[in-house]
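**Student:** Using the sequences and the accompanying hints, generate a full structural model.
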Amino acid sequence: MTLTSLFALSLSGVSLDSLNKPGENTATLLLACIFILIGSCIDVGKYLFWMFRKQSQYFISLSIILMVFSWVASCAFLMTSESKLVSLAQLKTSEYVALEQRISNLTLDIASQEKLLSNRLESTYHSQWEAGQDTAATLAGLRETLATLLESSSTVGQQTAVNVVASTRFFQQVGESLYLDTNTIRLIGYGVLSLLLELSTLGMISLSQVLKNEKRKSLIQPTSDDFNSVMLNREAHLSVVNLMTDIMTGEMPPVLRKIQAAKYGIEIDITRNLLKKLHNAGMLERDKRNSYKLPL
Numbered sequence: 493m494t495l496t497s498l499f500a501l502s503l504s505g506v507s508l509d510s511l512n513k514p515g516e517n518t519a520t521l522l523l524a525c526i527f528i529l530i531g532s533c534i535d536v537g538k539y540l541f542w543m544f545r546k547q548s549q550y551f552i553s554l555s556i557i558l559m560v561f562s563w564v565a566s567c568a569f570l571m572t573s574e575s576k577l578v579s580l581a582q583l584k585t586s587e588y589v590a591l592e593q594r595i596s597n598l599t600l601d602i603a604s605q606e607k608l609l610s611n612r613l614e615s616t617y618h619s620q621w622e623a624g625q626d627t628a629a630t631l632a633g634l635r636e637t638l639a640t641l642l643e644s645s646s647t648v649g650q651q652t653a654v655n656v657v658a659s660t661r662f663f664q665q666v667g668e669s670l671y672l673d674t675n676t677i678r679l680i681g682y683g684v685l686s687l688l689l690e691l692s693t694l695g696m697i698s699l700s701q702v703l704k705n706e707k708r709k710s711l712i713q714p715t716s717d718d719f720n721s722v723m724l725n726r727e728a729h730l731s732v733v734n735l736m737t738d739i740m741t742g743e744m745p746p747v748l749r750k751i752q753a754a755k756y757g758i759e760i761d762i763t764r765n766l767l768k769k770l771h772n773a774g775m776l777e778r779d780k781r782n783s784y785k786l787p788l
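Sequence positions in the sequence shown follow the working numbering and run 493 to 788.
Derived from the structure by calculation, the hints contain no laboratory data.
Errors might be hidden in some of the hints.
[What the hints assert, rightly or not] Label pairs and their computed distance ranges (CB to CB):
(1) Ser731 / Lys704: 35 to 43 Å
(2) Ala728 / Pro787: 22 to 30 Å
(3) Leu679 / Gln593: 17 to 25 Å
Idealized CB from N, CA, C, for every residue including glycine.
**Tutor:** Here you go:
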């Protein structure tokens, strides 16, 4: 998402230098926000369409189209960023600094010759007019030299700058070792890097969906511990029902120690509470030694 937004931002021509210019901040910031919003909407749409890809083939197509655009945008941003780094490094090379100094000196010489030519042409002496022709020829030579220097400024110090920028030097060395063009290696490298970024992002989205579904299933479906707990409660309930049936039919006397010795698998507190409830319901009578008996 970040690379797509930055690529969209670069299309607007916005840079830190333009932000520092007075009088342009409002329009520049508005344009920057618009392009960042465009890039963010593209990536958010890509992720949402991918999340709901199972519901419609239309969503899959939209997600793939936006993913391809985002991949191309990421490649373009990485390549333009490297180009800007090379350009900035080129401006700091000794060759380019010397060239700028020569251009500055030539500009001063041209301004001086233009002023001299103007004075000679305004003179009333014929000799000054003849000297003005020589000055005009000198001025033309200086301008030609200046044009040549300006034309060569794009390549002066470029090789030195390439050696300074690590990524550019890496692609150049790989290209030389494989006997391939540096631009081809750079395109392949950034293409693979951007593709891995896109695939890893979509993979993380798919993984989050799987984990979410598993968590939802774990909340809905009972676990083995819950099943065992339900089974134990059911067995205990059946044991209580069997004990109560045996007591009411006379097969088991309502005596606590005899019930425990019969091994119904019921806790003694549950058995004691059952006898109390049967007594309170009038189904048992008190007997000696705090025991119970069936009514006569």
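**Student:** Hint by hint, note whether the structure agrees.
**Tutor:** Cross-check of the supplied hints:
A C-beta distance of roughly 42 Å is found between Ser731 and Lys704, which places it inside the suggested range of 35 to 43 Å. Separation of Ala728 from Pro787 is about 27 Å and conforms to the stated range, judged on CB atoms against 22 to 30 Å. Between Leu679 and Gln593 the beta carbons are some 36 Å apart, a value that contradicts the proposed interval 17 to 25 Å.
Checked against the numbered hints given earlier, this structure breaks only hint 3.
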